[in-house]
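Please build the complex by placing chain B with the ligands on the supplied structure of chain A, with the hints as guidance.
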Amino acid sequence: MEEILQVKNLKKTFKLSRKQRKLEGGAATKKAVDDLSFTAYKGEIFGLLGPNGAGKTTTLRMLATLIKPDGGDAVIDGKSIVSDPYGVRSKIGFLTSELKLEDFFTPNYLYGYFSRLYNVPEDVAAERKKKMFESFGIDKFAEVKVANLSTGMKQKLSIVISLVNDPDFIIFDEPTNGLDVLTAKTVTDYLAELRANGKTVILSTHIFSLIEKLCDRVGVIIDGRLVALDTLANLTAEKNLEDKFFDLYKSVKEER
Amino acid sequence: MKTVLTIIKKEFARFFKDTRLLITALILPGLLIFALYNIMGTIMQNAEDKEAEKACTVYIADIPDSLEQSFLLSFSLKADFNDETARAAVKDGSLDLYMAFPKNFDEAVKDYDVSSGQPAPNVQIYYNSAKPKSFEAYSLATALLSRYEQTLVNKFDINADLNGVYDLADVQNVSRTVLSTVVPMVLLMLLFSGCMAVAPESIAGEKERGTIATLLVTPVKRSVVAVGKIAALSVIALLSGLSSALGMLLSLPKLAGSAGGGITFSMYGFGDYAAILGVILSTVLILVAVISIVSAFAKSVKEANGLVVPIMILVMLCGVFSMFAGAVASIGLYFIPVFNSALVISTVLSGTVSVAGIAVTICVNVAFAALLVLVLTRMFNSEKIMFNR
Ligand SMILES: Nc1ncnc2c1ncn2[C@@H]1O[C@H](COP(=O)(O)OP(=O)(O)OP(=O)(O)O)[C@@H](O)[C@H]1O
Ligand SMILES: [Mg+2]
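As given, the protein sequences belong to chains A and B, one line each in that order.
Note that the working numbering has the first sequence beginning at 865, numbered continuously upward.
Note that the working numbering has the second sequence beginning at 3, numbered continuously upward.
These are calculated hints, taken from the structure and not from any lab test.
It should be emphasised that the depicted structure is a prediction, and the values quoted were computed from it without experimental measurement.
One or more hints might be untrue.
[To be verified] Within a straight-line C-alpha distance of at most 30 Å, the following computed DSS-like cross-link-like pairs (lysine-lysine) qualify:
#: 1; chain 1: A; residue 1: 1018; chain 2: A; residue 2: 995
#: 2; chain 1: B; residue 1: 386; chain 2: A; residue 2: 955
#: 3; chain 1: A; residue 1: 883; chain 2: B; residue 2: 11
#: 4; chain 1: B; residue 1: 11; chain 2: A; residue 2: 955
[Stated by the list, open to error] Residues of chain B placed beyond 12 Å of chain A at every Cβ, according to the derived structure:
#: 5; residue: 137
#: 6; residue: 226
#: 7; residue: 227
[Claimed, not checked] Pairwise CB distance ranges (calculated):
#: 8; chain 1: A; residue 1: 882; chain 2: B; residue 2: 333; range: 19 to 25 Å
#: 9; chain 1: A; residue 1: 899; chain 2: B; residue 2: 7; range: 40 to 46 Å
#: 10; chain 1: A; residue 1: 972; chain 2: B; residue 2: 333; range: 50 to 56 Å
#: 11; chain 1: A; residue 1: 906; chain 2: B; residue 2: 373; range: 42 to 48 Å
#: 12; chain 1: A; residue 1: 890; chain 2: B; residue 2: 377; range: 55 to 61 Å
#: 13; chain 1: A; residue 1: 891; chain 2: B; residue 2: 325; range: 42 to 48 Å
#: 14; chain 1: A; residue 1: 1044; chain 2: B; residue 2: 380; range: 41 to 47 Å
#: 15; chain 1: B; residue 1: 373; chain 2: A; residue 2: 880; range: 48 to 54 Å
Even glycine gets a Cβ: it sits at the ideal position worked out from N, Cα and C.
Chain A extracted, bound-state conformation:
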């Protein structure tokens, strides 16, 4: 198996605001990601599983070069997130709730705009747009301003926009958040299709069923640390994923 992502000792500490310090018991900083290392292989769906505040989003933001790590590095398809962020950006597609689309514009306009920013040739972009809009059911809403789209339609548009450059490496943070079962299925089916086309997907979630349905390998993070890393089959060999997760969580808390 070909390694496409190597994460080495990734660290991120946030400075806390004065008010936040009191709530956190006086600490001036918060270790959101604490010495995280893992590898993902080409053509797999890698799941980051963790409870709220575990550091999943922070990890993915670093991989997508939106924020810089304080320590460690990650290499995506040969490009370092620390020394070559522009190289990384052109290779990946990133989806997270923090990235918003401008309310004023229509899906049609935004798709064209981001295609141009990624230097996708006009004809390729047009063809890709047609296909993507159809498979996500955006075609009927292509001329509706983002402001007037439903939450689910906005999320689907965000997914489509994050893939305008047809990236080989896809980073999705909670891709099914806020979606109904039907729409969520469209998304999970599409992720499976991406894998079938040889793309690598790394996704984060706290939804066990999503991991069980999609992922080849899983990393479990709690409090910014990786507490388990294995194939889904191995992790769920003795008991189901949920029970396994509770065991992990308990042993971590007992250690402290």
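Frame of chain A, contents of chain B with the ligands only:
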């Protein structure tokens, strides 16, 4: 380069396809200024007309022949008063002024010998300082009298020929001086408000709504984002400033009334306008860049609008100080961005411009704007600034 254009086009699309933004940033400023100045002009003119219509009412007891002519010209003279009723009328405001001359004033004056030590003939003038009109009449009367007093001991005259032209400044020069003090300040303010109409919305607004993050995960260089934004915003700010300027120019005739007759556009040559245009362009670049930087720091459009106030005051001060620095400015002052723009505009309008001043101004401003673009690029690179919500 292509990407810069893509970003500029998007900013334009955002602006020009949004009727609300178009109205508030482009049409409203010009319209408001036009309406405001027209109303001001009309009110001022009405007030002037009313004042001019009514001469001060004056009762003069025992008016001397020598003065009758000049008083007739200046006042509307009333009869039918006596000493008592006249004082009462001045007190209650129905009469503006009451003057009592001694009987045979002319002869008394002629016979009076200054060296005799006797009291001189005395004119009594009753007025009411609480009434502006009455006070005006009093000032006029004393002025007329002291001028008359001077003619009695006449040794020499100053500008005695009433029809002679003694002020040798031509009308254009006067207009030029007036324009050169007022315009730089007004122009800077208009440009600044043009920039304010668009820059905070486009930078702080995008940050606040999380749409700039979407741009920052694309492989587009931060410097390209900064250049694209500033270029697009500068054009829009210029248009907005132009709208205000148009409103001002169109209402100028009304505002200036007949006094503004000397102000025409043919007073200046092509070179003057080119210089002003160049300076305005370079100034808008700076203003947009500065406001963009402040907006990038701010967490919201509202905060940006607040943070910009001190800068607005600074820019206004540039306009004010240029009024005084004007012609005496040494070349060193042209190295101060924005202030140099006010100086150039002022000197162009007063006709004392130096080519070196224009050259230094444009170069300094463009260099300064480039520096600000670099700063903005650095800020776009900083996660602390871009994600400090
Ligand atoms: N900018 C920031 N400043 C301070 N603390 C932060 C910042 N961003 C994240 N954190 C903290 O870091 C920790 C990890 O946050 P993160 O968003 O990565 O969690 P998550 O695993 O994505 O959780 P969720 O499932 O709720 O999305 C949290 O405790 C969060 O409060
Ligand atoms: Mg998260």
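Here is how each hint holds up against the structure:
no.: 1; hint: 1018/A to 995/A; result: holds, 17 Å
no.: 2; hint: 386/B to 955/A; result: holds, 25 Å
no.: 3; hint: 883/A to 11/B; result: violated, 42 Å
no.: 4; hint: 11/B to 955/A; result: holds, 25 Å
no.: 5; hint: 137; result: holds, 61 Å
no.: 6; hint: 226; result: violated, 9 Å
no.: 7; hint: 227; result: violated, 10 Å
no.: 8; hint: 882/A to 333/B: 19 to 25 Å; result: violated, 49 Å
no.: 9; hint: 899/A to 7/B: 40 to 46 Å; result: holds, 44 Å
no.: 10; hint: 972/A to 333/B: 50 to 56 Å; result: holds, 55 Å
no.: 11; hint: 906/A to 373/B: 42 to 48 Å; result: holds, 45 Å
no.: 12; hint: 890/A to 377/B: 55 to 61 Å; result: violated, 36 Å
no.: 13; hint: 891/A to 325/B: 42 to 48 Å; result: violated, 56 Å
no.: 14; hint: 1044/A to 380/B: 41 to 47 Å; result: holds, 43 Å
no.: 15; hint: 373/B to 880/A: 48 to 54 Å; result: violated, 34 Å
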